[in-house]
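*Asks:* I would like the entire structure built from these sequences, with the hints used as guidance.
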Amino acid sequence: GDQVEQSPSALSLHEGTGSALRCNFTTTMRAVQWFQQNSRGSLINLFYLASGTKENGRLKSTFNSKESYSTLHIRDAQLEDSGTYFCAADGNTGNYKYVFGAGTRLKVIA
Amino acid sequence: ETAVFQTPNYHVTQVGNEVSFNCKQTLGHDTMYWYKQDSKKLLKIMFSYNNKQLIVNETVPRRFSPQSSDKAHLNLRIKSVEPEDSAVYLCASSSRTGGSYEQYFGPGTRLTVL
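Order-wise, the sequence lines are chains U and L.
What the first sequence shows, in the working numbering, is residues 1 to 110, in sequence order.
What the second sequence shows, in the working numbering, is residues 1001 to 1114, in sequence order.
Take the hints with a grain of salt, since some may be wrong.
Heads up, simulated DSS-like pairs for lysine-lysine below, C-alpha to C-alpha not over 30 Å straight-line [unchecked claim]:
no.: 1; chain 1: L; residue 1: K1079; chain 2: L; residue 2: K1052
no.: 2; chain 1: U; residue 1: K60; chain 2: L; residue 2: K1040
no.: 3; chain 1: U; residue 1: K97; chain 2: L; residue 2: K1041
no.: 4; chain 1: U; residue 1: K54; chain 2: U; residue 2: K97
no.: 5; chain 1: U; residue 1: K107; chain 2: L; residue 2: K1036
no.: 6; chain 1: U; residue 1: K107; chain 2: L; residue 2: K1041
Which bits of chain U does chain L cover? Going by a derived footprint, with three or more residues having C-beta under 8 Å, they are [as the list claims (entries may be wrong)]:
no.: 7; segment: 31-41
no.: 8; segment: 80-91
no.: 9; segment: 97-104
FYI, nobody ran anything at the bench for these hints, they're computed from the structure.
Model, not experiment: these values are computed from the prediction.
Yeah, the Cβ is synthetic: ideal placement off N, Cα and C, and Gly gets one too.
*Replies:* As structure tokens, this is what we get:
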């Protein structure tokens, strides 16, 4: 079955507001990555976490391997934040095989 | 700054033809991956190679075959393409040393099968 459940599937935000995206894992994961896929289709690295919290500008991400979830917080959303956000989790299989969530389609509205 | 390169960007072909996609990374990584992204944007891993050795081979049709000449290159060949092969194929690389296995992706190759 699916190992990574990502929510919400779609989200609209007004400029200047914020929200959180979440990924729940059904098995123990070694690490998680978050990506933004822009309109050209490129996957942009946002965060890589093996544990804890990282922050970069208006983005903050947390990975809790014990409780099997990760979050991505966006604050003060800007139009260029629009796109699809993916989490990808690396299971403890030793094969470094990442499993992707289904993505969150974010639209930032002026 | 691009460090994972893919060619071609786009490819349109007919059912039954053979296609090949190339991927090269200049990050010095030892592991490379092929992913397929379908029309619903779902990303699924197909293959991964570590130092030219196949380490992940998901359930993909036998007409798909990866080829690695060295750890910086991983190509994908599809013999006799089918309509359901229309998708974006994304190449990625990571390093298995140093404790961080962060993946970096190329821009993708969009395949359309008529």
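*Asks:* Each hint: holds or not?
*Replies:* To see whether the hints hold, each was checked on the structure:
1. L:K1079 to L:K1052: holds, 21 Å
2. U:K60 to L:K1040: With a Cα-Cα distance of about 27 Å, the restraint between K60 (chain U) and K1040 (chain L) holds, given a limit of 30 Å.
3. U:K97 to L:K1041: holds, 19 Å
4. U:K54 to U:K97: Judged against 30 Å, a Cα distance of about 23 Å means the pair holds.
5. U:K107 to L:K1036: holds, 24 Å
6. U:K107 to L:K1041: The hint holds at about 16 Å.
7. 31-41: holds (count 6)
8. 80-91: It holds: at least three residues are needed, and the segment 80-91 of chain U offers 4 whose Cβ sits within less than 8 Å of chain L.
9. 97-104: holds (count 6)
Consistency note: the structure conflicts with none of the earlier hints.
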